[in-house]
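Novice: This is what each chain is made of:
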Amino acid sequence: QKEVEQDPGPLSVPEGAIVSLNCTYSNSAFQYFMWYRQYSRKGPELLMYTYSSGNKEDGRFTAQVDKSSKYISLFIRDSQPSDSATYLCAMKTSYDKVIFGPGTSLSVIP
Amino acid sequence: DAGVTQSPTHLIKTRGQHVTLRCSPISGHKSVSWYQQVLGQGPQFIFQYYEKEERGRGNFPDRFSARQFPNYSSELNVNALLLGDSALYLCASTVSSGGYTGELFFGEGSRLTVL
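If you're matching them up, the sequences are chains A and B in order. Just so we're aligned, residue 1 is where the first sequence starts under the numbering used here, counting upward by one. Just so we're aligned, residue 1 is where the second sequence starts under the numbering used here, counting upward by one.
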């Protein structure tokens, strides 16, 4: 079993739709949970980060962490064509390296 | 402020050759991490350096090596290149090493093609 699993997609939605992206993980020691966005041929950029369980909202983006289920989600409201990218979930323990999921490719169609 | 800069951006090598990739972190950042991203996959951790010392190493063969200089810039070296080394090599910087929250600041990457 991989440490972090993520549906690779591709996911295609119409503009304005609500997008749900998800990851599952196996290491219960993970405490920091992140979502990175990566545009084609660019480096990843941090979108959201959450410590431990709970929700965090930033504009159109909401990150949720459920440590009891080892499940994290990213919701994008009112999706825009500029949201078209690969979304990478990532997580880490307190003092260890960041582990990335394989990424979900998202296309928002105008 | 300048972000993380990497060079070269693209390069083509043949099997058996050696490659050196370079990275300059964000000013004030003392830790550099290297990741390998194969097409269609997430980044895989290779090395982390902090204050010129190796702080972590991923599951990569000894053909991969790295170092960090006094100005916190870093080099990643790969010897005896294989076709499977073709990937985007990403450098990321952070302010500190242990205990940080995972907020990595990535460069644009060096895209290596091995023929």
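Simulated from the structure, these hints should not be mistaken for laboratory data. Accuracy of the hints is not assured; some may be wrong.
Output of the computed footprint for chain B on chain A, the stretches with three or more beta carbons under 8 Å from beta carbons of chain B [to be verified]:
1) 44-55
2) 96-105
Mimicking SDA-like on lysine to any residue, the simulated pairs with C-alpha atoms at most 25 Å apart in a straight line are [to be verified]:
3) A:Lys97 - B:His29
4) A:Lys42 - B:Ile26
5) A:Lys42 - B:His29
6) B:Lys30 - A:Thr50
7) B:Lys13 - B:Asn79
All C-beta atoms in this analysis are idealised placements derived from N, C-alpha and C, irrespective of residue type, glycine included.
Novice: Going through the numbered hints above, which ones does this structure break? Give me the numbers in ascending order.
Specialist: As far as the earlier hints go, not one is violated by this structure.
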